[in-house]
Amino acid sequence: MKKLIGVVIGCGAIAREHLTALAKLKNVEVAGVCDLSDVRAEATAERFAVPKWYTDYQRMVGEARPDLVHITTPPGAHYPIAKYCLGNGFNVLCEKPIAVTYDQFLELKQLALQNNRVLMENHNFRFHSSVRRISDLLESGRLGEVVDVQILLSLDIMGKDSPYLDRNVPHSASALRGGVIGDFLPHIAYLATMFAGPAVDIRTVWTKRVQGSPLPADEFRGFIKGERATAYVGFSANAQPNGFWLRVAGSRMHVEADLYTPPRLSVRRLRSGEPALANMLDGIAETRAVLRGAVGGLWRKLAGTSSYDGLGELILRTYSALETNARPPVSLEEVDEAARIVDRFTRPELRL
Amino acid sequence: MKVLVSGAGGYLGRHIVDRLLAGGHEVRAIIRPTSPVPTWNGKVEIFHADLREHDLAQAFAGINVVVHAAAATSGSEDSQFATTVVATERFLDAMAKFPVKRLVHISSLVVYDWSRARHAIDETTPLHTNFYDMGGYTIAKSWQERLVTRRAAANSWDLTVMRPGFIWGPDRALIAGMGRHFSGGYVMFGPFTRLPLTHVVNCADSIVKAVENHAAVGKIFNVVDDDDVRVWRYVREYAKGTRERGVPIPIPYFVGLGLAKLAALTSRMLFGPGGKLPSLLTPRRFEAQFKPLRFSNRTLRDVLAWRPPLSFAESVRATYTPIHVAVTSDRERIGA
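Residue numbers (our numbering), protein chains in the order written: chain A, 1 to 352; chain B, 353 to 688.
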């Protein structure tokens, strides 16, 4: 059977995650990698046994005629590369944020619709093992109706050796609205809409706790009134330790996961009977979940499982969809909703 | 002679500049815009640039010899590759536009495949052919030397490659070959293993000797000092000099390697080739830090008649006496 062809543009750290996931797909051949740096492109090709490397992405897609172009460059280059690829009839899977502005995204969306091409942003946490389990609880009715969603991404981006603080070569994400925090907002946005529904209204708080850092803000909070529920979301560069907490409060169950340490998922369900007994049962269940999560987390680490949980599944589903002409795993409307929320997160008039 | 030094704000780079000045050379030093400039009392022409980003063209104007010492010593694998390799690519692209032909590149002993070395490492020891399971520093330094060698051949440059061992000195005496240091103890894997040490003053001296002597052209030199210093002795001096006392915990090298091999075998059985282990439990990485080998500076001595200015005892005094040159922190060094 003829293999599908993929190419990767941009050979930084995230490209390695894409290439690691691609190496596991039997029906996909990576025909080329591309980077502005010839040596980085060659090193990436050598490491992943990719036959060709390029410094000119237009030449690469012209020669390889790929079924899917993976764009893993810094955010500022997403728009022109995606525009070229979509305009020339290629499907695109782009790293987040898909574009620097919402208007740029709308232009790309229009181009994808006109040319009937796939345009996806990397929403890997949609396919994260813990998020999928929460989705299953929701779909099976065990969680009940979603009442509230809380998301807090806590990451030490101001620590020693942090590339986000490099004053000699500013980080590529520092040009985003909201500074480098803008790099993380798409994950927060699509997870919030997954459980709270499309955003009806948004308010935000941006603050800077550590003065003297080059970041315009190091704390972000957003309050979303969704169609189904409310969501309180945030990014913290100061709260420690690192974690990516997702809490979903349903009418029958509270569920909490740290997406950085899968497969830990703690569940507290509505029980009938003696409250003290219910508390004890919940405590036992929570202890088991914590232990299972701790052991499972170590096991995953030793097994070399990527910390970008969900990316492999997203890429697998994308190629399967291309092969069978099915719907892509993340629809253009879902990408649009996330991009629209990110745009509103950074609008000054919505700040409290 | 007018010498351009990249990475001149770094630990080794500053000592190279000092030694060049002492040798009566003119120096242009490339320093990152946000890095502090060492006290050279106006004797050095400073060229502010980060090799990853800024225009480097004018750095090479009027230069006779280039010493390329810029490299990252910490950070993520991706960040080290960008800072060491991609930056070198930009640096050499700029150099190719100027008539300067002489290049002295500072590589490292990590480019050798220690697991294939039999009893000693010298300039004929095979290099890594597959280094992607090694640490970020080894990957970056191996690619950097590969790139430099290719570009030198393509441009007919007069290249000298220096491969220092563990560079140590004031404020930089904690080295990987010691084993692992934790509060209250020193775990030594092979306490009687020889360390490929080069004190920063000696290392800088050997580099300047290579700059000055045309016999170094086309040669590769391993840079280690003369003294036969074992792990036990080095750790003892370190603990004494830094006053970080601790219980010495010696573990025979083959016990450590055996444990690493057992862990690697278990990992392969459980997880296949994708399994990941810490560096101490990865046999090739364990060997690259602790394998008992001999290290020779014979080529340096034979070709350049080099003798290290400082003995080990003098190096210890120069390192641990209270008055020494202030150095910048790692964070400042990478310009973060």
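Calculated directly from the structure, the hints in this document are not laboratory data. As the structure is a prediction and not an experimental result, all values here were calculated from the model. For glycine and all other residues, C-beta sits at the position ideal for the given N, C-alpha and C. Don't take every hint at face value.
[To be verified] In silico negatives: residues of chain B with every beta carbon more than 10 Å from chain A: (1) Pro385; (2) Arg404; (3) Val437; (4) Gly626; (5) Gly627; (6) Lys628; (7) Glu666.
[Claimed, not checked] One-sided and incomplete, this derived list gives chain B residues near chain A with beta-carbon spacing under 10 Å: (8) His377; (9) Arg384; (10) Asn393; (11) Glu397; (12) Ala401; (13) Ser431; (14) Phe433; (15) Tyr484; (16) Ile491; (17) Leu622; (18) Gly624; (19) Ser631.
[Said to hold, decoys possible] Taking lysine-lysine pairs in the DSBU-like style, the calculated list, with each CA pair at most 30 Å apart, reads: (20) A/Lys52 with A/Lys26; (21) A/Lys301 with A/Lys24; (22) B/Lys643 with A/Lys24; (23) A/Lys225 with A/Lys208; (24) A/Lys26 with B/Lys628; (25) B/Lys628 with A/Lys160; (26) B/Lys592 with A/Lys160; (27) A/Lys52 with B/Lys628; (28) A/Lys301 with A/Lys160; (29) A/Lys301 with B/Lys592; (30) A/Lys208 with A/Lys26; (31) A/Lys301 with B/Lys628; (32) B/Lys613 with A/Lys24; (33) A/Lys24 with A/Lys3; (34) A/Lys52 with B/Lys449; (35) B/Lys613 with A/Lys301; (36) A/Lys301 with A/Lys225; (37) A/Lys208 with A/Lys109.
How the hints compare with the structure:
1. Pro385: Non-interface label fails for B/Pro385: nearest chain A Cβ at 6 Å, not farther than 10 Å.
2. Arg404: At roughly 5 Å from the nearest Cβ of chain A, B/Arg404 sits no farther out than 10 Å, so the non-interface label is violated.
3. Val437: 6 Å, violated
4. Gly626: 4 Å, violated
5. Gly627: 5 Å, violated
6. Lys628: 4 Å, violated
7. Glu666: 33 Å, holds
8. His377: Hint on B/His377: violated, closest Cβ of chain A at ~27 Å, above 10 Å.
9. Arg384: 5 Å, holds
10. Asn393: 25 Å, violated
11. Glu397: At 20 Å from the nearest chain A Cβ, B/Glu397 fails the 10 Å test, so the hint is violated.
12. Ala401: Holds: closest Cβ of chain A sits about 9 Å from B/Ala401, inside 10 Å.
13. Ser431: 6 Å, holds
14. Phe433: Since the shortest Cβ distance to chain A is 7 Å, the answer is holds.
15. Tyr484: 5 Å, holds
16. Ile491: 8 Å, holds
17. Leu622: Constraint on B/Leu622 satisfied, holds at 7 Å.
18. Gly624: 9 Å, holds
19. Ser631: 14 Å, violated
20. A/Lys52 with A/Lys26: 19 Å, holds
21. A/Lys301 with A/Lys24: 18 Å, holds
22. B/Lys643 with A/Lys24: Distance ~35 Å between B/Lys643 and A/Lys24 Cα, so the pair is violated.
23. A/Lys225 with A/Lys208: 25 Å, holds
24. A/Lys26 with B/Lys628: Since the Cα atoms of A/Lys26 and B/Lys628 sit roughly 23 Å apart, the hinted pair holds (cutoff 30 Å).
25. B/Lys628 with A/Lys160: Given pair B/Lys628, A/Lys160 holds - Cα atoms ~24 Å apart, limit 30 Å.
26. B/Lys592 with A/Lys160: 28 Å, holds
27. A/Lys52 with B/Lys628: Given that 30 Å is the threshold and the Cα spacing comes to 28 Å, the pair holds.
28. A/Lys301 with A/Lys160: 23 Å, holds
29. A/Lys301 with B/Lys592: 38 Å, violated
30. A/Lys208 with A/Lys26: 47 Å, violated
31. A/Lys301 with B/Lys628: 7 Å, holds
32. B/Lys613 with A/Lys24: 26 Å, holds
33. A/Lys24 with A/Lys3: Within the cut-off at roughly 13 Å; holds.
34. A/Lys52 with B/Lys449: Between A/Lys52 and B/Lys449 the Cα gap is close to 28 Å, so the pair holds against 30 Å.
35. B/Lys613 with A/Lys301: 18 Å, holds
36. A/Lys301 with A/Lys225: 37 Å, violated
37. A/Lys208 with A/Lys109: At roughly 34 Å apart (the allowed maximum being 30 Å), A/Lys109 and A/Lys208 break the hint.
Violation of the numbered hints given earlier is confined to hints 1, 2, 3, 4, 5, 6, 8, 10, 11, 19, 22, 29, 30, 36 and 37; the remaining hints are satisfied by the structure.
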